[in-house]
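Trainee: Spelled out, the chains give:
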Amino acid sequence: MLKQIEGSQGIAEAVALCRPQVVCAYPITPQTHIVEGVGVMVKTGALTNCEFINVESEFAAMSVAIGASAAGARAYTATASQGLLFMAEAVYNAAGLGLPIVMTVGNRAIGAPINIWNDHSDSMALKDAGWIQLYAETNQEAADLHILAFRIAEELSCPVMVCVDGFILTHAFERIDVPTQEQVDMFLPPFDPVQMLDVDNPYSIGAMVGPEAFTEVRYLGHQKQVDALEVIPRLTAEFQQVFGRAAGGLVRPYRVEGAETVIVALGSVNGTIKDVVDAERDAGNSIGCVTIGAFRPFPLMELGDLLAGAKRVICVEKSLAPGLGGMVASNVRMAMRGTATPVYTVIAGLGGRPITRASLTTVFRAAAIGGLDDVTFLDLNRDAIAGQIARASRHRHSGPIAENLLKALNPGLVRRVSQEGAKP
Amino acid sequence: MNGDKLPFAITLDPGSSLHNHTGSWRSERPVYVDRMPPCNNACPAGENIQNWLFHAESGDYAAAWQALMRDNPMPGVMGRVCYHTCETACNRGQLDESVSIHAVERFLGDYALREGLVPQVDAPPSGKRVLIVGAGPSGLSAAYHLTRLGHAVTIREAGPMAGGMMRFGIPKYRLPRDVLDAEIARILAMGVTLELNTKVEDIDAAFAEGFDAIFTAVGAHLAKRTAIPAHAAGRILDAVTLLKQVELGEAPQLGRRVIVYGGGNTAMDVARTVRRMGADDAMIVYRRSAKEMPAHAIEAQEAEDEGVLIHWLRTITQIDATTFTVEKMRIDADGRPQPTGEFETLEADTLVLALGQDADTGFLTRVPGVAVARDGVVAVDGQMMTGRPGLFAGGDMVPSERTVTVAVGHGKKAARNIDAFLRGGQYEKGAQPELAGYDRLNTWYYDDAPQSVQDQLSMVRRQSGFDEVTKGLTEETALFEARRCLSCGNCFECDNCYGVCPDNAVIKLGPGNRFRIDYDYCKGCGICATECPCGAIQMVPEQA
Amino acid sequence: MTDDALQRVKFYQTGTQTVGNRLMDADSRTVQASTDRSNAITSGHRACQGCGEALGARYALDAAMRAAGGQLVAVNATGCLEVFTTPYPETSWQIPWLHSVFGNAPAVATGVAAGMRMRGKTDVRVVAQGGDGGTTDIGFGCLSGMFERNDDVLYICYDNEAYMNTGVQRSSATPPAARTATTPAVGDAPGNVFGTGKNMPRIAMAHNIPYVATASVADLHDLEAKVTRAMGIGGARYIHVFVPCPLGWGSASHDTIRIARLAVECGLFPLFEAVHGEVVAVTKIRRQVPVEDYLRPQKRFAHLFREGHEDRMRVEAIQLMADANIRRYGLVDAEDAK
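Chains as they are written, first to last, in my numbering: chain W, 558 to 981; chain V, -8 to 535; chain L, 2 to 339.
Since the hints were made in silico from the structure, they are not lab data.
Heads up, the beta-carbon is just placed ideally off N, CA and C, and yes, glycines get one too.
Certain hints may be false.
[Said to hold, decoys possible] Footprint (simulated), chain L over chain W, 3 or more residues, beta carbon under 8 angstroms:
| no. | stretch |
| --- | --- |
| 1 | 645 to 651 |
| 2 | 733 to 744 |
| 3 | 767 to 779 |
| 4 | 889 to 900 |
Using the sequences provided together with the hints, build the complete structure.
Mentor: Below, the structure is given as structure tokens:
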């Protein structure tokens, strides 16, 4: 059914259609609307046989989900940013125990400085926790990916993180085709856990494993991800059959045929990138792009094939690996090992900064003439940086960087805020 | 069982740690032991008190009685007259009050008489004949034990009735005669021949009759005398004779005022007897103080309760008809009475001397090899045999404390040695286990339970008749009392070891079968030994 | 004397406080006396000799198993109990058991309970358990959340008063003056600080949950009765079990129960039950002892009793803590008070 709804509501409805049995909620912007939506459905009775548990922290949220999943129930939660880091220990644990929990991450920056807006720092921080990571490009996909995620998770006994750009997707009202319960039931069978707490077969889950077997356990975790490279495309195809539209998948190429420049990115920014690609193609520039749908497992082969003909690859990344540059680019280089194709990183959209077509066009064109650094920060205000560096070199106690920068960028705003803040 | 389908390593099959034998960590191992309970250790009759209490605790009085009867043929008597050194030794005395062992013993004795229980005798006849001289507690005990060992026993008793001092020395109010008669009859019913009014004078002749061994236990009946200057002596009797006369219904008139001279249990018995015979003033004169008297404090207390007046620290120095001059004494540093030169007078119609007895063992002086002391006491060796092979002796006539319990113990000990003698060997007492002292116990586990009190006859009736003073326990109170037993040194299957083992390394074998340590898993922590209430587990170093 | 009391004293004084008693009917004996006990933890575990926690956990879970008719699931925080029972490739658990991480056992248990309910397994009961570190420190937040929501979980804390698994470091349950690896017995104030304490049972009571109790491995009857009572109630329940650690406390391995008993008898570890935040029952001290009797056998307090340098002041301060407990809970009847 087509609905003009907020992305979060679309996700909530999709999750509800998956018949989760335990949903844990802890508020953190920008994912809050999702669990609120599920909560309403539980409270009104629209979603039955589901316990909605308001927990006291994200750590508890993931922990409750772990317990529920180990008890054989379909478990779901959502978080973002600081919350994901706060539950990090349990996130690793869920994967280590092989519990097929599905969690939405409403992608958001990580402080300090505290920032509620979108980037990928949070999910990237936990990319190696053993979870499958799917990134949504549109609100429709954000909803659909959750249905796929439960199926993938339960087939592999591996938790799946559905990464949805905060605000850009979670808070955007768009038309979403919400599937019917029949469709979802057809695609997603009841949860049949590989292992669960069972009084009739009382094994112990979560043993301490020493050096003699730890590597093997880790290898098997890795093998699950490798297996997912086969499972994800298969289920994506099956999804298309049942629901009549594409969703998910490992990689999605766009106009890469014969493209000299290929842009690689995760999530919603691909919409903007595709617009730029279209415009540049119209302008006669040889350019295409690839959306990475699954960052874990990382589709090395699939990506390698798509990028084989490119002369240059530009990764537009919403997170920064300080001291290195781009995590996506590093992974893409792995896909292109053995080739001499340069792979550039463009760090963009940190802390919610808009990624404009104009700016992207500028860097893509610069790359085409060899004028791009390995790591480029999109729309970086070099004056502000230079000012701060100069200040810091003059005074050891040069004041808070964030405020200094804000002053430098918008002196009027800062004055106004500090004056108002001073009022009782 | 799940190994194939469950996640590798992180998920494990239940109870699989049984593969890990933690017993290899152990440097000490717990071992179950049976230690000697202090009561058993203190019992002159060698009763296994803890054992028979164990049966009584579960209400199996017949089994308890049978266990008791292995050592003592007269529990009804013993439960009344024994001075229960067991209770003095009882560890429970350090916790609250000792277990009233004698009261339970008496209950069991009476129970057996009421139910007509008989001892289990299963030894085949040995073909040997044993003569016992004297039907007192020692002789009866020996007869009983020898019969149980398969020997044919004849008792020859000089007097008209069996029982010895139990009958002629202990008044009825302490030992009702129906109990005594029944317990003697039960011994005789086992096949013991009793010949009354038959005094044995010639040991060699007795051997010549065909007895393979002889046990003499003639007691000590000759009253000791003392010389008191008397101008005009009043009536002077001796305690043994008086008690015997009372028993036979031949007691003389004593008058209204009677002095009993002496401080032993017999003195108390006589004073209480004369009180019952109608003496208004029953007095005891004793040269030392209550602290030094040989009588048991309870006896003196009961005598005083009944109106007996005890003149402590007095010696009778002169008698003038009914006037007795007594000198005050003081106790010196050595605990001996010393005259003070201060005198006073007492008025009495009769004086009863209760100054102890000598053994009438003149008939043994002629037997070669038998050593008889001046007071008639006969020397015996560790096997209770005199210098004459095959001639044994016990009870009051040999050096020992003169109590019924000791006498009964002598009977048992003599029987075992005679049995060994008859079989051409020597009785070997088994190795004595270590004593289960109070420090061996973990008394936390016992509930607080004060001793039950035995009712007593009303004072009026105590002063006017010979009814038994101290009542028996009811079944309920007897059970209560039995269950106060701490079972020192002997497992009573409380399950503590089974429960407190952090390694589940104690195997419970079921009722009556106790426990076993599973050394595959026992790490030797020793909690079981520390938490064993009764000290029945010992930690033993492991051998390398 | 009431009929009940008469009956109790009258017929079972032979080892009445023991694990079993052949004279009592089977129903009145402890679960541990039974050969049918579930042995939730079986032999072969790797706990130290004389481990109080191994004992306490088996006591509690066997009682819970009986109360739940075998329909029991356990969630375990990281810690000694978890490590010594489940080193690959062997587990000592014979009941369904789940370990996630150190600080989340209460929340995991909440999830298990919810999951079981949603799967229609309404008869399956959930126990969560952890040591004092996992309970009073790192798991505190999750525990408070579980309490506040009144989730249907019995949480059992096995308190051995320090982080033993990692090598005896101080926790918020470590008593004043105790020596640990992070509160060494050196300097002017040797051992742990005399802080304000963190009384987890009272904190639990402040949540007004249906049931809170303290128990000790030294009093099995009491412990089992409390576990059984807790299992008969729905909602969040908390039992704090005192479990000496021979390794961390420097006590003899055979003294584990004795020391636990002394802790109760001196008043430092009061045994009580609270319903909806109100104390409803206390287990009276049977044979009161000074705290010194409890402290002396433990090397972690040895610096208080150094020959010629006895630290009377600190011992007295600890005695005052015990006295305060005795007053607060009425552990000694007025006529018995010294």
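Trainee: State for each hint whether it applies.
Mentor: Tested hints:
1. For the stretch 645 to 651 of chain W, the stated coverage by chain L is satisfied: 3 residues place a CB nearer than 8 angstroms to a CB of that chain, which reaches the threshold of 3.
2. Closer than 8 angstroms: that is the beta-carbon criterion, and the stretch 733 to 744 of chain W has 0 residues meeting it against chain L, so the requirement of 3 is violated.
3. Three residues within the 8 angstroms Cβ limit are the bar, and the stretch 767 to 779 of chain W against chain L gives 3, so the coverage statement holds.
4. Proximity of the stretch 889 to 900 of chain W to chain L, defined as three or more residues with a beta carbon under 8 angstroms from a beta carbon of that chain, is not established by the 0 residues found.
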